[in-house]
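Following the hints, put chains B, C, D and E in place on chain A, whose structure we already have.
In case you want the letters, here they are:
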Amino acid sequence: MIVSRNLSLQSVTASVRRENLVYFLLSLVVTFVFNWLELHYNWPKLNEWALPITPFTILGGGITIFLGFRTTTAYGRWWEARTLWGGIVNQSRTLVRQAITFSGKKGEILPFARDIAYRQIALVNAIRCHLRQSDPIEAIQAYLPAEEIESLRSHQNIPVAILQNMGGLVQSAYRDGLMDSIQMTSMDSTLADLTDLLGGCERIKNTPLPRQYDVVPQLTISLYSVLLPFGLVSTLHWWTPIISGLITFLFIAIDSIGSNIEDPFENTIHDTPMTALCRTIEINILQMIGAKDIPEPIRPMRGVIH
Amino acid sequence: MIVSRNLSLQSVTASVRRENLVYFLLSLVVTFVFNWLELHYNWPKLNEWALPITPFTILGGGITIFLGFRTTTAYGRWWEARTLWGGIVNQSRTLVRQAITFSGKKGEILPFARDIAYRQIALVNAIRCHLRQSDPIEAIQAYLPAEEIESLRSHQNIPVAILQNMGGLVQSAYRDGLMDSIQMTSMDSTLADLTDLLGGCERIKNTPLPRQYDVVPQLTISLYSVLLPFGLVSTLHWWTPIISGLITFLFIAIDSIGSNIEDPFENTIHDTPMTALCRTIEINILQMIGAKDIPEPIRPMRGVIH
Amino acid sequence: MIVSRNLSLQSVTASVRRENLVYFLLSLVVTFVFNWLELHYNWPKLNEWALPITPFTILGGGITIFLGFRTTTAYGRWWEARTLWGGIVNQSRTLVRQAITFSGKKGEILPFARDIAYRQIALVNAIRCHLRQSDPIEAIQAYLPAEEIESLRSHQNIPVAILQNMGGLVQSAYRDGLMDSIQMTSMDSTLADLTDLLGGCERIKNTPLPRQYDVVPQLTISLYSVLLPFGLVSTLHWWTPIISGLITFLFIAIDSIGSNIEDPFENTIHDTPMTALCRTIEINILQMIGAKDIPEPIRPMRGVIH
Amino acid sequence: MIVSRNLSLQSVTASVRRENLVYFLLSLVVTFVFNWLELHYNWPKLNEWALPITPFTILGGGITIFLGFRTTTAYGRWWEARTLWGGIVNQSRTLVRQAITFSGKKGEILPFARDIAYRQIALVNAIRCHLRQSDPIEAIQAYLPAEEIESLRSHQNIPVAILQNMGGLVQSAYRDGLMDSIQMTSMDSTLADLTDLLGGCERIKNTPLPRQYDVVPQLTISLYSVLLPFGLVSTLHWWTPIISGLITFLFIAIDSIGSNIEDPFENTIHDTPMTALCRTIEINILQMIGAKDIPEPIRPMRGVIH
Amino acid sequence: MIVSRNLSLQSVTASVRRENLVYFLLSLVVTFVFNWLELHYNWPKLNEWALPITPFTILGGGITIFLGFRTTTAYGRWWEARTLWGGIVNQSRTLVRQAITFSGKKGEILPFARDIAYRQIALVNAIRCHLRQSDPIEAIQAYLPAEEIESLRSHQNIPVAILQNMGGLVQSAYRDGLMDSIQMTSMDSTLADLTDLLGGCERIKNTPLPRQYDVVPQLTISLYSVLLPFGLVSTLHWWTPIISGLITFLFIAIDSIGSNIEDPFENTIHDTPMTALCRTIEINILQMIGAKDIPEPIRPMRGVIH
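Residue numbers (my numbering), protein chains in the order written: chain A, 1 to 306; chain B, 1 to 306; chain C, 1 to 306; chain D, 1 to 306; chain E, 1 to 306.
Just chain A, same shape as in the assembly:
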């Protein structure tokens, strides 16, 4: 995620793809050909190949509505992803607080609470790797005993398996009399919330925006950008590349920002900053159980935080 307010140029360049240059060159060619022919040969047939601008207003209106929809939807997905991870932060804090206060006495952190705490750190890192399609095992082995790591290897969905293991821990605490069934179901419902949050992230990850909403605007904008110089040259003359470039830039920029943020778990600079959020959760949890070695928060690197 880009957080720096000063990285403007880089982020703009990033959102303007190579196409933009192509269309700009095309408009230069069109402008040059038309103006040169007109000036030097005064070629009257030329006007038949130039276009009036009004139809571009209608097309521009249609494209504009399409881009408005796409922008809103892409941002909606991006913000929902961030909100889901915000929920993971919240439920992590709540789960560990419950583990501590339901089981222990004041000021005392039982081994059960520590077990839950480390499994929760493992869970959030596993969700992160699961979504970014890297191997979760490596990321979580520092937090879990070796045999538990081994048993996780066979699972297709490691976060689900960790959640089940935490359920087993809560069950044992209940059977051992550390908490009663009311407190147990209360912790179980926090696990259910985490299950929902995991499922929500998987939904965004596995369900792209209907592909047609990517393809049709791109195709239309391409054709529009190719034709636009012909529509402008007869009235704008040498101004054509500037205005044509500006319109094309705006349309392509809106389209490409949308396509940057619509998939927020793809390991790009526009991602939900899951690495940083996992670290925040780790710090919070470690401080709650009174651990000594607290890692540093992750800071943005060159204006980008992962």
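Treat the hints as calculated values from the structure; they're not laboratory data.
Check before you lean on any hint, since a few could be wrong.
[As the list claims (entries may be wrong)] Straight-line C-alpha distance at most 20 Å; calculated SDA-like pairs for lysine to any residue:
1) A:Lys292 - E:Ser154
2) B:Lys105 - A:Gly168
3) B:Lys105 - B:Leu169
4) C:Lys205 - D:Met301
5) D:Lys105 - D:Leu169
6) E:Lys292 - E:Ser154
7) E:Lys292 - E:Asp115
8) D:Lys205 - E:Thr280
9) A:Lys205 - B:Arg299
10) E:Lys292 - E:Glu80
11) C:Lys205 - D:Ala276
12) C:Lys205 - D:Gly76
13) D:Lys292 - D:Tyr143
14) C:Lys292 - B:Glu148
15) C:Lys205 - C:Met301
16) D:Lys292 - C:Gln156
17) B:Lys205 - C:Gly303
18) C:Lys292 - B:Ser154
19) B:Lys205 - C:His306
20) A:Lys205 - A:Ala276
21) D:Lys105 - C:Arg175
22) E:Lys205 - A:Gly87
23) B:Lys205 - B:Asn267
24) C:Lys105 - B:Ser151
25) C:Lys105 - C:Leu178
26) D:Lys292 - D:Val29
27) B:Lys205 - C:Glu80
28) C:Lys205 - C:Trp238
29) B:Lys105 - B:Asp115
30) C:Lys292 - B:Glu150
31) D:Lys205 - E:Glu80
32) D:Lys292 - D:Ala142
33) E:Lys292 - E:Ala142
34) C:Lys205 - C:Glu266
35) D:Lys105 - D:Ile289
36) B:Lys105 - A:Ser259
37) C:Lys292 - B:Ser151
38) D:Lys292 - D:Leu169
39) A:Lys205 - A:Asp193
This is chains B, C, D and E only, laid out in the frame that chain A set:
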């Protein structure tokens, strides 16, 4: 659901219906007639039959707003459908985790938990068939005992009946002392969530977008597309079919993408991928109860996943 | 609710009110007068009474935004109404499942569960009549004992009274030891959900869209439609009625579809299909308690379902 | 709240402020001056002071988007206010049903339930007065004992104090053995819902739309309305005041309807009808506890309900 | 937050940044140069450097959609921030009511309830400072014992630590028999709600709108504003600066209002009024526990409330 990023051409062609060709041919005819008459006969009366373009701007604005609304609404239905199925995935995991941890001891899976697990696999497949209007019995008989299958046959709404049966299982577990009433009501509330999700899918299935929102834009776009070449030919001459085709294409494409995704349970390639989601749930549940034969996940075929 | 995909013509005609014809005739008159005077008398003063079209673009933009808002809002109300009734379906299934599983033994349906089941059928029918402002007593007397019907007559809000009676039944079951206080409060919270859904329907019923949002667009569209032919005639000549009619049709159609669906409990063909939903609930509930005489679902009549 | 469908003229006039007349007179003056000078003096310099209309299209587009946002937001606030009050109605019914069924035996209404019922009637009236900034004490003294009224006088937020008193009643009922802790926490959570609804109303009351969204569109519309006649007069001649008036009317009407409904607790005719809703709640509650003297519902007066 | 209705001029000036003046001066220069050259030298080549206005309509449409999206999103963030703080107000009242009614007897406030009350006041002030990046310790030391303040110093996230401490208090009350486990988990779930609200505020604080949505519209509006006078001067002559200034003002004003409110926790005059809300909570809580010295509410200063 189309998931491939490379299937662009196919998906575009799919969204452009036969009408598009008709309107393109019409614009060719109009262009040819007007230009030919003008060139060869220099027919002055012709201008009276050509139209100026400005009224098309107003009409285009109105159509555009209508399409904006329709796109947003259709996408809203499609995304809600996907979210409901995401909820079914989540509640399946939660229900089976509760069945295991509420009833058993650590590491032990009681027959009760297995019964719930297989009924949950049956439930999600029954919901899938119920929504796609195929016979659920066939899809679920592998997971349920023969007499239970028999008793389900008489039910008009099989998912509701399976949910009731699961309620009966939970009740028995409670009467048998496997769990107390707090844990029982907690599982019952997971069943209530599944009831809500089933009802949500039925709502989308049974309540189409008000039909007028399909008919009026289609009619207006048709008339617009027929008249458009007349409005362009006097200024665009031989460019008419290209620009007219592009505008018509954009409007028809937006309209038809909307109509593709607005009904997400109709067994088309734009459907919520219920078959794949049912398989995901099955894999998750089977791994949770430690089953041996885990089926393969369903992969996209030619860029489409069902 | 219109469900047939083929009823297009009827639904279109329904959404185009008599005004449309009036405006079309007016545009015919304007067209005829202007063109006839021009052709036969070549009256030069005429141009002063014709209008340019550009101001209509601005006005059209304003109207269009207004209509966009109105459409979104009207659809929002219609869909919320349907969602609330979907919730009533869900809670009905949940309430009866709870009544059966909380009180009885496996496979056994206690009289308490039957009492709840019939009262729930009565409740949904009472809500339906309450919203459509017909007398609920007649619709519910088949499901309740005569003395209970009598006591309901004095109530201004019969659904609220039925909910209270169900609360009383749950209370008795608790006092009689059929369920403990956890199960009792769990059923009570289902009753609270039904109270919320009832209140949501009453809110939509009693709170129309601010009336100004009906009056101002109607007034503006009327004036626009009257003036439009004057703005088109000088450039469109004999085409005027067609284009003017199309623009007027689009605006009036969008406006009138919005006004059709914005009040979804008014006993029109655009209503939430409450009669059909009540029947669905009745069938589900009767099958859950193992009743014998199951009524038929309600099918659409001529493409409309009530 | 305006509920009558026939009060159209009044509501329109209400939404058109005096400014409208001013702008209309200005456009008359501009029209007269330009046309008169042109006719009588054929003043060629005049055209330099008339404006072309195209820039007004751009400006109109910007204003239109701004008004669209404002309308949606204002309506969102108004509808949220109504939904919050709908929630107050629902929770009132639920709270009294709980008070009756949790404490008593079938058919019996304990003094505890009556105490809760009257305090709830007092609460909703106190919220109403609190929001309309009138003194709540007068409105609630009929429902509460004199000493409780006295002790409320010192509170800055009387609804919060009443909620605390109801919490105290529930606590006593629990200590006296009328209900167990499960039922007590269940009633407490209804009180928490009422606290949320109260807080939601206070939020809308105390947080106006950012003032800039009132000021900037008003300023822009004013300047637009002043300049518009100059932009129309050279092409519309004597039609200028009509078209200019219509455009100005539309913009000012949309703006002023938004500003009417954006603050729904200000004792205007556009308010959430809190007085009527309080009466509805009172009737419902009194009938639930079997009271004898049921007041009449509040009916609309001249199409307006408060 | 600006609350005064009369501060219009100040708020307008605030939303119009220095750029506006720059563009206005530029348009003056352009106007003067073109008109002066035309009048005095009748320079025919000039028209080649003037632009037609139609392309600005297309660009204006694109910018307008972008600004519409940005306004909606910025307002959505601002309103969500306010809603989260409204939730903090509500949960504060609920938590203290629970602390009083769950633990004590009627009319009696136990030390436990007072401890919770003061910690809740500390919590909301700590959240306020945490979000505004000032040191929370100073703001909260009046409400907590010195040793607790000391132990908080080492925490990176002080609100999370206070929430944990409150969890410890609830745990002690449960172990000491002041409340049973049902009431304890009910208070714990209020703490979980507060954890969610804290996390929601952190999400808004730490996740700016994707920076591209700030940079691209600003860049486009700048270029648009620079080019606009060239597009207007050939038809508007001396009117150019007025119309150009008005269009530029509208675009920049919409953009800058959005950028003012999109980050509502930055200690500006557009902030969520957290200081005032903290005081409201303090007053409410102190009155609930019957404290004597009630501070004054915070009033707006020069139309602004913090």
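Each hint tested on the structure:
1. Straight-line distance between C-alpha atoms of Lys292 of chain A and Ser154 of chain E comes to about 11 Å, which keeps the hinted pair within the 20 Å bound.
2. Restraint check for Lys105 of chain B and Gly168 of chain A: the C-alpha separation of about 8 Å stays at or below 20 Å, so the hint holds.
3. The hinted pair formed by Lys105 of chain B and Leu169 of chain B meets the criterion: a straight-line CA distance of about 19 Å does not exceed 20 Å.
4. Of the supplied pair hints, the one linking Lys205 of chain C and Met301 of chain D holds, its CA atoms being roughly 19 Å apart against a limit of 20 Å.
5. Restraint check for Lys105 of chain D and Leu169 of chain D: satisfied, since their Cα atoms lie roughly 19 Å apart, inside the 20 Å limit.
6. Proposed proximity of Lys292 of chain E and Ser154 of chain E is contradicted: the alpha carbons are some 33 Å apart, above 20 Å.
7. Simply put, Lys292 of chain E and Asp115 of chain E have alpha-carbon atoms about 16 Å apart, close enough for the 20 Å limit, and the pair holds.
8. Distance restraint check for Lys205 of chain D and Thr280 of chain E: the Cα-Cα separation of roughly 14 Å lies within the 20 Å cut-off, and the hinted pair is therefore satisfied.
9. Annotation: proposed proximity of Lys205 of chain A to Arg299 of chain B holds, straight-line Cα distance about 15 Å (limit 20 Å).
10. Annotation: proposed proximity of Lys292 of chain E to Glu80 of chain E is violated, straight-line Cα distance about 34 Å (limit 20 Å).
11. Restraint check for Lys205 of chain C and Ala276 of chain D: the C-alpha separation of about 15 Å stays at or below 20 Å, so the hint holds.
12. A C-alpha spacing of about 18 Å is found between Lys205 of chain C and Gly76 of chain D, which places the hinted pair at or below 20 Å, so the restraint holds.
13. Of the pairs offered as hints, the one joining Lys292 of chain D and Tyr143 of chain D holds, with about 15 Å between alpha carbons and a cut-off of 20 Å not exceeded.
14. With a C-alpha separation of about 19 Å, the suggested pair Lys292 of chain C and Glu148 of chain B falls inside the 20 Å cut-off, and the hint holds.
15. Proposed proximity of Lys205 of chain C and Met301 of chain C is contradicted: the alpha carbons are some 25 Å apart, above 20 Å.
16. This hinted pair checks out: Lys292 of chain D and Gln156 of chain C have alpha carbons roughly 13 Å apart, not beyond 20 Å.
17. Only pairs whose Cα atoms come within 20 Å are accepted, and Lys205 of chain B paired with Gly303 of chain C is accepted, the gap being roughly 16 Å.
18. With a C-alpha separation of about 11 Å, the suggested pairing of Lys292 of chain C with Ser154 of chain B holds against the 20 Å cut-off.
19. Using a Cα cut-off of 20 Å, the hinted pair Lys205 of chain B and His306 of chain C holds, with the two alpha carbons roughly 17 Å apart.
20. Restraint check for Lys205 of chain A and Ala276 of chain A: the C-alpha separation of about 19 Å stays at or below 20 Å, so the hint holds.
21. Our distance criterion of 20 Å between C-alpha atoms is met by Lys105 of chain D and Arg175 of chain C, whose separation comes to about 8 Å.
22. Restraint check for Lys205 of chain E and Gly87 of chain A: satisfied, since their Cα atoms lie roughly 15 Å apart, inside the 20 Å limit.
23. Restraint check: the Cα-Cα separation between Lys205 of chain B and Asn267 of chain B comes to about 12 Å, which is no more than 20 Å; the hinted pair holds.
24. Restraint check for Lys105 of chain C and Ser151 of chain B: the C-alpha separation of about 18 Å stays at or below 20 Å, so the hint holds.
25. Only pairs whose Cα atoms come within 20 Å are accepted, and Lys105 of chain C paired with Leu178 of chain C is accepted, the gap being roughly 10 Å.
26. The hinted pair formed by Lys292 of chain D and Val29 of chain D fails the criterion: a straight-line CA distance of about 67 Å is larger than 20 Å.
27. Of the supplied pair hints, the one linking Lys205 of chain B and Glu80 of chain C holds, its CA atoms being roughly 16 Å apart against a limit of 20 Å.
28. Restraint check for Lys205 of chain C and Trp238 of chain C: not satisfied, since their Cα atoms lie roughly 47 Å apart, outside the 20 Å limit.
29. Only pairs whose Cα atoms come within 20 Å are accepted, and Lys105 of chain B paired with Asp115 of chain B is accepted, the gap being roughly 17 Å.
30. With a C-alpha separation of about 17 Å, the suggested pairing of Lys292 of chain C with Glu150 of chain B holds against the 20 Å cut-off.
31. Under the criterion of a C-alpha separation no larger than 20 Å, the hint pairing Lys205 of chain D with Glu80 of chain E is consistent with the structure, at around 16 Å.
32. Between Lys292 of chain D and Ala142 of chain D the CA atoms are separated by roughly 16 Å; this keeps the pair inside 20 Å, and the hint holds.
33. A threshold of 20 Å between alpha carbons decides the hint, and for Lys292 of chain E with Ala142 of chain E the separation of about 16 Å falls inside it, so the pair holds.
34. Restraint check for Lys205 of chain C and Glu266 of chain C: satisfied, since their Cα atoms lie roughly 8 Å apart, inside the 20 Å limit.
35. Using a Cα cut-off of 20 Å, the hinted pair Lys105 of chain D and Ile289 of chain D holds, with the two alpha carbons roughly 13 Å apart.
36. Pair hint Lys105 of chain B plus Ser259 of chain A does not hold up; C-alpha atoms about 49 Å apart against a cutoff of 20 Å.
37. At roughly 14 Å between alpha-carbon atoms, Lys292 of chain C and Ser151 of chain B fall within 20 Å of each other, so this suggested pair holds.
38. Proposed proximity of Lys292 of chain D and Leu169 of chain D is contradicted: the alpha carbons are some 24 Å apart, above 20 Å.
39. Restraint check for Lys205 of chain A and Asp193 of chain A: satisfied, since their Cα atoms lie roughly 18 Å apart, inside the 20 Å limit.
The structure fails to meet hints 6, 10, 15, 26, 28, 36, 38 from the earlier list, while all remaining hints are met.
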